[in-house]
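Taking the numbering used here, the leading residue of the sequence shown gets 1, the next gets one more, and so forth.
Note that these hints are calculated values from the structure, not bench results.
Hints may be right or wrong, so weigh each one.
[To be verified] Simulated restraints, written as ranges between beta carbons of each label pair: (1) Phe70 / Pro48: 13 to 23 Å; (2) Tyr71 / Val43: 20 to 30 Å; (3) Lys75 / Ala106: 41 to 51 Å.
[Claimed, not checked] Below 16 Å or equal to it, Euclidean Cα-Cα: the simulated EDC-like pairs (lysine to aspartate or glutamate) are: (4) Lys33 / Glu84; (5) Lys64 / Glu44; (6) Lys33 / Glu103; (7) Lys64 / Glu93; (8) Lys64 / Glu77; (9) Lys33 / Glu77.
Note that the Cβ used here is the ideal one computed from N, Cα and C, for glycine as well.
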Amino acid sequence: TNLYRAIDKRGKFAEKNRTTKVNLAMEVPGSSKKMIATQEEMVENKVPLAYRDQCAHLLIPLNKCRQSEFYLPWKCEDERHTYEKCAYELVMERMLQMQKIREEEARMKQKGHQSIPLIPKTANA
């Protein structure tokens with residue numbers, strides 16, 4: 001079978017499906033991280049749309065821990081720390097990409113080329 005058992009941080013067994021994880025891992029353009037959680041897993045675990053990013057696979061066990069521990073903040077510190085670190089790395093990656101875009105625009109301006117606007121102007125503006 002394609003199911004295997006993995007031991008999580010609390011020493012409990014969790015069954016995972018290898019083929020789903022490997023085959024449905026998507027690459028997000030412009031990001032170094034891959035999507036690990038599948039759409040079905042996110043729907044099943046009721047992950048809000050705003051949080052369905054490359055760190056959603058860490059948010060699922062964090063939310064389960066929060067619910068089982070009655071949202072006591074000191075109970076799920078490890079899960080929260082790993083999720084927040086992942087989210088921080090994503091933000092820093094996006095900031096670096098934006099900095100590269102701005103540097104490229106500045107270079108184009110110095111050369112006398114018209115820069116490409118990030119937000120296109122409308123007819124009324």
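These are the hints, each one checked on the structure:
1. The hinted range of 13 to 23 Å is satisfied by Phe70 and Pro48, whose Cβ atoms lie roughly 20 Å apart.
2. Here the CB-CB span from Tyr71 to Val43 is close to 23 Å, well matched to the stated 20 to 30 Å.
3. Checking the proposed 41 to 51 Å range against Lys75 and Ala106 shows it holds: the Cβ atoms sit about 48 Å from each other.
4. Pair hint Lys33 plus Glu84 holds up; C-alpha atoms about 15 Å apart against a cutoff of 16 Å.
5. Distance check on the hinted pair: Lys64 and Glu44 sit about 12 Å apart at the alpha-carbon level, within 16 Å; holds.
6. Taking the CA atoms of Lys33 and Glu103, the gap is about 24 Å. The hint is violated against a cut of 16 Å.
7. Annotation: proposed proximity of Lys64 to Glu93 is violated, straight-line Cα distance about 28 Å (limit 16 Å).
8. Taken as a hint, the Lys64 and Glu77 pair is honoured in the structure, with Cα atoms around 13 Å apart against an allowance of 16 Å.
9. Straight-line distance between C-alpha atoms of Lys33 and Glu77 comes to about 23 Å, which puts the hinted pair past the 16 Å bound.
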